[in-house]
Amino acid sequence: MNARETSRVTRLRAAGPGATAKARVKRYALLVCAFALGVIGLLAVVAPTPAQALTVSSTTARPNEDGGDHVIGGLPTRLTWEGRVEAGEELESITLTMPEGGTFEGSSTRVTVLDGLNRQDVAAVATPDGTTLAIVFDEPIPEDSLVRLEVTGVAFPNADGDYVIEGTYENQLGEQVLPSSPAISVIANTPVQGLVNWLDQQPWVEAWNSNPFLSMFFKPQILVSSFAALFPGWLVCLAIVLVAYPFAILFGLCFAFMKMSRFIVVRAIAVTYINILRGTPLFLQIYIAFFGLPMLGIQINVYILGCAVMAINSSAYLAEIFRAGIQSIPVGQYEAAASLGMGHMRTMISIILPQTVRRVLPTVTSDFITSYKDTSLLSSVGVMELMMYAKNMTAITGNITPYMTAAIFYLIVTLPLIKAITVVERRIARSESGQGPRPKGGELTEEDLQLDLAQDALAQAAHAEADEPAALEPAYLPLAREGA
Amino acid sequence: MKWFATEEAGVKKPSHLLLTLLCSLLAVCCVAVLAGCGGQTAEPAADETATEEPASDVVDIETVSDGKLIVQSDLAYAPMESVPEGKTAEDAEGFEVDLVQAIADKLGLTVEWQQVQFDTIIPAVKQGGTVDLGASSFTITDERLEEIDFSEPYMDSNQAIVMQKSAASSIPGFDVSQDVAGTERLDAVKAALDVEGTKVAVQSGTTGEAWSQENLTKAETVPLADVIQCLTGLQSGLYNAVIADYPVMAYYCQESYTDLEVVAAIPTGEQYGIVVSKDNPGLKQAIDKALAELEEDGTIAQLQEKWFGQAS
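In order, the protein sequences belong to chains A and B. Under the working numbering, the first residue of the first sequence carries the number 162, and numbering increases by one thereafter. Under the working numbering, the first residue of the second sequence carries the number 460, and numbering increases by one thereafter.
Think of the hints as simulated: they come from the structure by calculation, not from any bench. Possibly wrong hints are sitting among the right ones.
Reference excerpt, derived from the structure (chain B facing chain A, CB under 8 angstroms, subset only) [claimed, not checked]: (1) Ala-535; (2) Ser-663; (3) Asn-674; (4) Pro-726.
To give an idea of the interface, some chain B residues facing chain A are shown, with a C-beta separation under 8 angstroms as derived from the structure [claimed, not checked]: (5) Glu-602; (6) Ala-669; (7) Gly-728.
Calculated lysine to aspartate or glutamate pairs in the DMTMM-like style (CA-CA distance at most 25 angstroms, straight line) [claimed, not checked]: (8) Lys-677(B) with Glu-243(A); (9) Lys-649(B) with Asp-230(A); (10) Lys-649(B) with Asp-528(A); (11) Lys-649(B) with Glu-243(A); (12) Lys-748(B) with Asp-601(B); (13) Lys-658(B) with Asp-634(B); (14) Lys-737(B) with Asp-361(A); (15) Lys-658(B) with Glu-226(A); (16) Lys-765(B) with Glu-655(B); (17) Lys-748(B) with Glu-544(B); (18) Lys-658(B) with Asp-230(A); (19) Lys-748(B) with Asp-557(B); (20) Lys-677(B) with Asp-282(A); (21) Lys-737(B) with Glu-367(A); (22) Lys-546(B) with Glu-571(B); (23) Lys-624(B) with Asp-718(B); (24) Lys-677(B) with Glu-226(A); (25) Lys-624(B) with Glu-611(B); (26) Lys-649(B) with Asp-718(B); (27) Lys-765(B) with Asp-525(B); (28) Lys-565(B) with Glu-544(B); (29) Lys-534(A) with Asp-685(B); (30) Lys-649(B) with Asp-305(A); (31) Lys-748(B) with Asp-525(B); (32) Lys-649(B) with Glu-226(A); (33) Lys-649(B) with Glu-327(A); (34) Lys-765(B) with Glu-544(B); (35) Lys-580(A) with Asp-528(A); (36) Lys-748(B) with Asp-564(B); (37) Lys-546(B) with Asp-557(B); (38) Lys-765(B) with Glu-755(B); (39) Lys-748(B) with Asp-282(A); (40) Lys-737(B) with Glu-602(B).
Ideal Cβ placement from N, Cα and C applies to all residues, glycine included.
The following block holds chain A by itself, in its conformation from the complex (with noise of 0.2 angstroms):
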């Protein structure tokens, strides 16, 4: 406390009168215009600044759109006002004016006085009258202090605009004028945001939150607000998992291939990548990706590193089922093929690949979901997915509601996608036992028959002891033709 005492004492000291202090109006004054004209671009009003009168040095107020950035008028919001003391001036009290529309009524207003970074021990007693706040302090601020206001509760008028906070002070000469403060713009009420204030109203809510699991977990008006706001993480989500997804199919077919190569070095270099990747937490990639290559001077966009480190991941297991699916594949296959006089490749693509599709659409569904899930740990690097939106919310709110309500976006995918394996799976499950569809007479293309022939001979070949070589028919023939 007595280092703060006297460091005020030589500050006071310091601040000579004359010229150097005229030249620091000038500098102050020069600044403030400055700042006005170029940081903030908009209606700023910038008074002419008389020499011995207070300026306003910044005038904000705090975004209040649920999840968003915007000042929403009509809505409680907290305005930040500063203003400096100037040379000679000792400020006594001061009255802020709201624009028309506007109201301070509620609100509880922070008064600090900095003297540059210390706080002043100075007591003000703050009265909010409609649209005006009047704050007066116990004993006069000295010259060269930072008056810093917080008013928390304070509503802008409900209505597009830019509006700017005026009013008067006293000083040991008497009541002058404020200069007006830089414009803050605001915006009218939002659909999303009218609903949450007749939500606020209705009884059925109030039962509902004094709940304390329900209004935790379960608050209509968050939840309500966090949809609209947690909409366009889950749209980053999702283009995430679908722009990473098929370069993951793509590099995992690479690696299944590459893991079941004649060559021993082809082999190790798919052997490798494939267990680090899946050897390693996807959390621990991610970090190294975001904040290893910057450090190589490598810059690329958040959300397309964050695609790249999914796909690249991804791949990884892709290339295991993959590689499982075509070694699932009974050697009779080749065999059959090879003894219609069909080459390695031919067999691959038009008897191997479309059975191991089949067989590993499950899992590669099951994976995809684990991919978009995953998404979330990108928000630990600061891509601005659905968790993070989550997060932010839960940061301002103080409620779990908003997790909840990621929690709804993420099922919105994962529940049908799971519906659909077990689907999936059921179908394959009675083709292979041989219960599966039979396909259907009407018109067969070329290819069909040919595939046909192809198929009897297979099944004849590889199961010859069968009792019901139609068994083993693939599945993927009726499906097509059921879905043609």
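We have chain A already, so just place chain B on it with the hints.
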């Protein structure tokens, strides 16, 4: 094939049923236990107040766990609170860690530190039942006061803008010889940062985040889990600047991130307080009393000397 299928189905069905039954039983038990926990935490606390007689001059204090003060913090904010390399939350150190220890000594409690994400602390304290205090360099604001209570302030602070040394020198109108706390520097930095395409990293839920959102409206404010992430990202060029509490930023720039510097101080004069639940006024009173005593006997000044090299 058919006989095989039917037999399989015949065998599987009862086992499925059994499994389903077992699983649902387990789930019900879990829920019951959880619900029980939720209920219990409130009850014994209420009993304590009724039965325990105020011993000597110690105020009647309820805590989640008897004789213990469970404190949540992000512990990544040196020199306020941090975990030394290779240690765990038990070995946390820093100004606030020592301060809480000193308070706990006065109250006759042992401190247990829990390392959690900064933005989850206030909801956890508000919810109650798991944690007594939040001590993570919380600035006292009216918004936060709507959710929880604060102890009396124990330290003043300001905000700081940190940039790469190389980037700072190219800001027009920026002069290293100027006072770091001066308006000239702040205005020059603000003008340089408040343009489209600039990214400012902040810790999620902090006053630095709010300042950036309000004052750098054209720049993108990127909220991250802790300041270490912010500073590492700034170092690697992911972000253009970091905004966080001045004492902490000054410390990190001097000790660990020597290629970064505090380019401007933002005078906010904010004050740190310890987060206490609104449902536990006894604990708040006890802490305030202890803080007043620690201020009186010079302990706080000593700790400031120890961790900041000066009494602020």
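Holds or violated: Lys-748(B) with Glu-544(B), Cα cutoff 25 angstroms?
34 angstroms, violated
Are Lys-737(B) and Asp-361(A) close enough, with their CA atoms no more than 25 angstroms apart?
23 angstroms, holds
Compare the distance between the alpha carbons of Lys-649(B) and Glu-226(A) with 25 angstroms, and conclude whether the hinted pair is satisfied.
24 angstroms, holds
Has the given pair, Lys-546(B) with Glu-571(B), been kept, meaning a C-alpha gap of at most 25 angstroms?
Between Lys-546(B) and Glu-571(B) the Cα gap is close to 15 angstroms, so the pair holds against 25 angstroms.
Starting from Lys-748(B), check that the Cα of Asp-564(B) is at most 25 angstroms away, please.
13 angstroms, holds
For the pair supplied as a hint, Lys-765(B) and Asp-525(B), confirm whether the alpha-carbon distance does not exceed 25 angstroms.
31 angstroms, violated
Given the hint that Lys-737(B) pairs with Glu-367(A), test it: the Cα-Cα distance must not exceed 25 angstroms.
20 angstroms, holds
Does Glu-243(A) lie within 25 angstroms of Lys-677(B) when you go C-alpha to C-alpha?
20 angstroms, holds
Given hint Ser-663(B) near chain A, where the shortest CB pair must fall under 8 angstroms
5 angstroms, holds
25 angstroms limit on alpha-carbon distance, applied to hinted pair Lys-677(B) and Asp-282(A):
Distance of about 35 angstroms is beyond 25 angstroms: violated.
Please work out if Lys-765(B) and Glu-544(B) have their alpha carbons no farther apart than 25 angstroms.
Status holds; Cα separation ~20 angstroms.
Within a Cα-Cα threshold of 25 angstroms, do Lys-658(B) and Asp-634(B) meet the stated pairing?
Answer holds: Lys-658(B) to Asp-634(B) is near 22 angstroms, not above 25 angstroms.
Of the numbered hints stated above, those contradicted by the structure are hints 1, 10, 16, 17, 20, 25, 27, 28, listed in ascending order.
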